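Quick note, the sequence shown lines up with residues 273 to 562 if you use the working numbering.
Bear in mind the hints are in silico, worked out from the structure with no lab data behind them. Note that this is a predicted model, so its numbers are computed, not measured. Accuracy of the hints is not assured; some may be wrong.
To be verified - Heads up, simulated EDC-like pairs for lysine to aspartate or glutamate below, C-alpha to C-alpha not over 20 Å straight-line:
hint: 1; residue 1: K545; residue 2: D445
hint: 2; residue 1: K422; residue 2: D445
hint: 3; residue 1: K542; residue 2: E377
hint: 4; residue 1: K508; residue 2: D533
hint: 5; residue 1: K545; residue 2: E520
hint: 6; residue 1: K542; residue 2: D340
Said to hold, decoys possible - Derived CB-CB ranges, DEER-like:
hint: 7; residue 1: R529; residue 2: D412; range: 20 to 26 Å
hint: 8; residue 1: E490; residue 2: G532; range: 15 to 21 Å
hint: 9; residue 1: E364; residue 2: Q405; range: 36 to 42 Å
hint: 10; residue 1: Q491; residue 2: D412; range: 38 to 44 Å
hint: 11; residue 1: E418; residue 2: L315; range: 29 to 35 Å
hint: 12; residue 1: L315; residue 2: G532; range: 16 to 22 Å
hint: 13; residue 1: A483; residue 2: A562; range: 20 to 26 Å
hint: 14; residue 1: L527; residue 2: S410; range: 31 to 37 Å
hint: 15; residue 1: D335; residue 2: A478; range: 46 to 52 Å
hint: 16; residue 1: R323; residue 2: D445; range: 36 to 42 Å
hint: 17; residue 1: Q370; residue 2: E316; range: 41 to 47 Å
hint: 18; residue 1: L358; residue 2: L527; range: 17 to 23 Å
hint: 19; residue 1: L479; residue 2: S425; range: 41 to 47 Å
hint: 20; residue 1: R323; residue 2: A562; range: 32 to 38 Å
For glycine and all other residues, C-beta sits at the position ideal for the given N, C-alpha and C.
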Amino acid sequence: MCNKRPIRLFEVRQFTFAAFTALGLLACLSLSANDRLGASLRLEGRMALRRGLQTLLAWQGDDGSWADGDAAATGQAVMAIMMSGLASEWAELQTAQQRGNAWLEAWLRIDSKQDAAGWAHSALVAIRPLLRQSGPGSRDWSKLVETALKHISLDRMEESDAPWILEAAALNDLPYAEALHRPGAGSPACRLATAWLTGRPESEQALLRAAVWESNWEQETPASWYWLARSGRICKNFAPGGQGSWRERLMAIMLSRQRGDGGWGEAEDKPAKRVLDSALALQAMILCLA
């Protein structure tokens, strides 16, 4: 079963992102032998992580954004930098995070009535790193999240958007769980993430975990890799007994898909997609290494 509470997981807003991450790590300290990442893959993963972060640094624009002002790509890039925990020892990374934060805050002040639906989807992804920062001078973004959620059209929503919307709603204790529960829709990884975010019965989650394990992870997108890693961290017995480590399986795939320039995605992809794919692959890699 999954040992995290649905929706209320994020209700204590005064936690810093570091504390929030630490709580998640403490829940997984006692890993079974089959849930550990081997020394060789761990070393390769750490090297790949640094290469990927270096690539994100190279891709950041002069204004602090990524992909020429793409809010979702910028939010995920900043999130990857935050999750790495390396900004305090890597000056360039710390500067990139600060510049990215400043750009995101400025973008989120734009009037949401301009293309409200398009703005809402981007805003709920862009705001991810800002929702995990607190302290003196930090802004309360709950009203903006609530406004964005009101502009979300459930009928037009992509199934892969559901976990991101639920995650944002969770931080504000907003009732989106039942509205986004759609059995059989979306990729196996997104269906499982939606199930534990909405607190579906354990019997239902067990079936979804089995379906996820049997699915072809190599055909999944970096966004699905992220939710696979989140599910692996949160759900007990994610990998069936004796069938290996989910960390090793996922890490091997991500390492094989990293491109020569340190990023992920296809060379012909648009800049925003390459940034999104790379940032989400890095986030998944960080969860595997934790």
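Check: What hint numbers does the structure not satisfy?
Finding: Result: hints 1, 3, 4, 5, 7, 9, 11, 17, 19 and 20 break, sorted rising.
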